[in-house]
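Enquirer: All chains should be built: construct the whole structure from the sequences, respecting the hints.
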Amino acid sequence: MLCQHCNVRLANVHLAQIINGKKIEIFLCEQCAKESGQFCLECPPEINDFLAGLMGFQKNNNPYVTINKEIACPSCGMSYEEFQKTGKLGCSNCYSVFAERLEPLLKRIHGNTEHHGKTPRKMELDIKKSNELIGLKELLNKAIQSEEYEKAAELRDRIRKLEVE
Amino acid sequence: MSGWYIEKGPESDVAVSSRVRLARNFKEYPFPSRMKREQAQQLMGKVKSSVLDSDSDLADGVEYLDLSMLGSIDKYSLVEKHLISPELAVSKRDCSVILSKDESISIMINEEDHLRIQSLFPGMQIRNAWEICNKIDTLIEESIEYAYSPYFGYLTCCPTNTGTGVRASVMLHLPVLSMTGHIRRILEACGKLGIAVRGIYGENSDTSGNMYQFSNQVTLGQSEADLINSVTNIASQIIEQERNLRNELHKQDSLRFEDRIFRSLGIFEKARLITSEECMKLISDIRLGIVTELIKDISLEKLNEIMLLTQPANLQKHAGRILDSSECNAKRAELIKSILNK
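Read top to bottom, the protein sequences are chains F and Y.
In short: position in the first sequence from 1, add 77, done, that's the working numbering.
In short: position in the second sequence from 1, add 754, done, that's the working numbering.
No lab work stands behind these hints: they were computed from the structure.
Hints are supplied without guarantee of correctness; some may be wrong.
Simulated crosslink set (DSBU-like; lysine-lysine; CA at most 30 Å straight-line) [unchecked claim]:
hint	chain 1	residue 1	chain 2	residue 2
1	Y	Lys1085	Y	Lys1035
2	Y	Lys889	F	Lys206
3	F	Lys162	Y	Lys781
Predicted model, so just to flag it, every value in this text is computed and none were measured.
Expert: Have a look at this one:
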């Protein structure tokens, strides 16, 4: 969906305003939303001139505005809306971007959300390596505390070697 | 004619074939629907070399086929052999497949996911099929990094495949469960047990010839071994039920049971025109006749060969030219006779 103000960029800011029990929604891109200048996307906003102008309302109305920021995957550009239409994701990064929304969906499909099964060998090696590093670093701290500086130097070298691998 | 589909396997009186399919994607590229052409071709090249250039014994018996080089009949003959999916056959994307010479292994590249590794075995051998897939998976993973999250598992284009990415299935021939209507109860129970039931070519295909494919629905949260065991266990129970019903029906009304089979054999051997639909029905009856030892002079292997070669694309491939539907029907009948008389 395109921004209702500039009609050029993708609308990923969804503004819903409820005035006198009536709900009005507008869809803007981040730029236009920011350019309106007077509200912060991160914090609860006050009504501003730009919105008022768009919706033809007087500034002294006191609406309740919520902002729902629509995210898109930065790697492939897929939005969650698009995924809901096709049922297919765009890239592996989508799983982290939409993790919160995918979890309940995966629970419905599989009854589970946690993988139990084969792990790629490289990942297994990474886990082993990071566990080893943690162990060595603990030993290093202890050696320093007990003033065993030769031992500490040895451990430090081992840690450096492992980190570079 | 050779190939895994010609052989019998364990439990071949009911179990026709077993298949395990693994879905995998690479971290470096977006999923196939969002890849650019250069990326697709790069990926295809990388997969090709990760298998064909490896030291593994897998490298010896395989060939690489770029699907854009294949004509329609060749592609559909691969679909009929269950080596590529109908989706890959119609895909407009750059895609390819690596096939083993005995046609029991196929690695589809750029279907819905970057990789679909598949292994086929005759009869009930899901565990063996998984071992081969696992071996291929481990081989490819040595050279290319998979898209994987410790939480969600192997990441796939469609969330229904995420996690293990494993689809284990077995194709069962259930003529008596079907004709007595008992199959309905089984299909309902399967739904509740997390087993999907589909027709002979997977999603959206019909259950012609009384062939049913049973596979796991869930791919996330259970280990590969658990998924394979649950499909194997349920399939074993269904096999027992079909066997028991066959014995009962044969005892109860042996004349009617045999009459049905021998009428079909008559048409099969003598007709001049046979449609592919009718052919599937006849093959179902004859298969039942062979496994109950009523028909003794046709082997199951020969019937499997007929079942494959009478499919439309394979029929035309065998004939060496495109055939219209009535030519197909005539050729089919002719081919059946020639194979039976070999």
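Enquirer: Regarding the pair Y/Lys1085 and Y/Lys1035, is the alpha-carbon distance no greater than 30 Å?
Expert: holds (17 Å)
Enquirer: Compare the distance between the alpha carbons of F/Lys162 and Y/Lys781 with 30 Å, and conclude whether the hinted pair is satisfied.
Expert: Holds - the C-alpha atoms of Y/Lys781 and F/Lys162 are around 24 Å apart, at most 30 Å.
Enquirer: What's the verdict on Y/Lys889 and F/Lys206, does the C-alpha distance respect the 30 Å limit or exceed it?
Expert: Answer holds: Y/Lys889 to F/Lys206 is near 24 Å, not above 30 Å.
In this structure, every one of the numbered hints holds.
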